[in-house]
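*Asks:* Sequence:
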Amino acid sequence: MSYDSNATGIGAAGANSSSPNKKKQKMSPPLESLLLAGEEISIQGILPFVGVGLETFCNQPRAEFWLKDNSYHKTPDRDHVCTAIATVGNLTVMQWARRQKEIFPWDEETCARAAKNGQLEMLIWLRENGCPWNERTCEKAAQGGHLDVLKWAHENGCPWNALTCASAAEGGQLEILKWARENGCPWTYLTCLEAAAEGHLEILKWARENGCPWHPWACADAARHGHLEILKWARENGCPWDEQTCTYAAQFGNLEIFKWTRENGCPWDARTCAKAARHRHLEIFKWARDNGCPWDERTCTSAAEEGHLQILKWAGDNGCPWSGMTSYGAALYGQLETLKWACENGCPLDDETCEAAAENGHLEVLNWARENGCPWSAATYQAACQHNRREVIQWLGDSGCPGSRDEGH
1 MSYDSNATGI GAAGANSSSP NKKKQKMSPP LESLLLAGEE ISIQGILPFV GVGLETFCNQ
61 PRAEFWLKDN SYHKTPDRDH VCTAIATVGN LTVMQWARRQ KEIFPWDEET CARAAKNGQL
121 EMLIWLRENG CPWNERTCEK AAQGGHLDVL KWAHENGCPW NALTCASAAE GGQLEILKWA
181 RENGCPWTYL TCLEAAAEGH LEILKWAREN GCPWHPWACA DAARHGHLEI LKWARENGCP
241 WDEQTCTYAA QFGNLEIFKW TRENGCPWDA RTCAKAARHR HLEIFKWARD NGCPWDERTC
301 TSAAEEGHLQ ILKWAGDNGC PWSGMTSYGA ALYGQLETLK WACENGCPLD DETCEAAAEN
361 GHLEVLNWAR ENGCPWSAAT YQAACQHNRR EVIQWLGDSG CPGSRDEGH
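So in full-length UniProt numbering, spot 401 of the sequence shown is number 401, and the numbers just go up one at a time.
Don't take each hint at face value.
What the hints assert, rightly or not - Restraint ranges, calculated between C-beta atoms of paired labels, are given here:
1. Asn345 to Glu108: 52 to 62 Å
2. Gln386 to Pro348: 17 to 27 Å
3. Ala162 to Asn367: 53 to 63 Å
4. Arg405 to Pro348: 23 to 33 Å
5. Arg280 to Asp242: 40 to 50 Å
6. Pro321 to Asn367: 20 to 30 Å
7. Leu228 to Glu102: 28 to 38 Å
8. Leu228 to Asn183: 47 to 57 Å
9. Asn237 to Lys259: 13 to 23 Å
10. Asn183 to Asn129: 20 to 30 Å
11. Pro159 to Glu337: 47 to 57 Å
12. Gln386 to Lys232: 48 to 58 Å
What the hints assert, rightly or not - Straight-line distance between alpha carbons at most 25 Å, and here's what the computed PhoX-like set of lysine-lysine pairs gives:
13. Lys286 to Lys259
14. Lys259 to Lys232
15. Lys178 to Lys205
16. Lys313 to Lys286
17. Lys232 to Lys205
18. Lys340 to Lys286
19. Lys259 to Lys313
20. Lys178 to Lys151
21. Lys313 to Lys340
If you're looking for bench data, these hints aren't it; they were derived computationally from the structure.
For every residue, glycine included, the Cβ atom is placed at its ideal position computed from N, Cα and C.
Build out the structure end to end from the sequences listed, making use of the hints.
*Replies:* The structure is reproduced here in structure tokens:
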């Protein structure tokens, strides 16, 4: 569907009803056409941004009758309309929507979204008109960096909890974090975790200087997001770490951090190789093995599930153990070439391989497995039936799979 966004007032400019072009704007095509567009355009996506066109429509008595006549109250996205309007702060539209409050309900998330986007005027109106709120209002105001909103909410009795400080740290809002703490807002180790994960070193330092406890995964999350300076400072200042730090560095492909963690004594385990294999980080994978990182069957299974044949070949050529779970994983995710290579090089097949292929509807994989001597059982047919794989069910019945005759074949 095409429509004239200027005519309907859709867009950033449309949200401002004081536009100098107000007299020139027309409701063409009719707003009703947009609202009835179904899956193509949802009312949740339109209403918050409609300006003059909606005001024209709203001020007509037929608006409420139109909504009811078209059974809009049965539309799934109606519960989110007020929240979407609060997000952009279109007070005119919100006032109209609440005149149809049996159609457009609101809840605590409505206030939270207004707070997150700094819509103080909207938040004040919402509260004056009975919209509920909870701790998420303060949390989202802090995350979005809206100190005026947070102050107003707190002064007017809005509850808060430790997530307010954690969200301020997540959003890099040091002044808000300081104000919240000065006014009695609680915190936990989540504040340090969020600061480390998002790379906010100044906030992390301030939090630690003021007694905020370390989170045991702060180093791991710094490694996960590539924040080497955070990781170094955290370790210099007593932050604990464990195998998860190396695992995250391997999983997210940061070789510099990965090497630094090992050079500074961070432990690792077989999950490290498995995650490097799953996410196709061959250089990290090789470096880990060259430096003594353990591995187990999960490495080959992870590579097989994701179809990373190069990594699977390297692992297989270098003695990595595998099992029936490797062929099972390849079959489950439809990785036929990976399955072929694994089986040609000694990876075992069993009836769970056929079951996995049937479960996810991979008929080509299933056919190849059977042609190459893979056993099956009634569980193969049951897996196809449970997941409604009709093409596979038909093929299994035609091919004499155990259990299929019991289902009428």
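*Asks:* Are there hints from earlier that the structure breaks, and if so, what are their numbers?
*Replies:* 5, 7, 8
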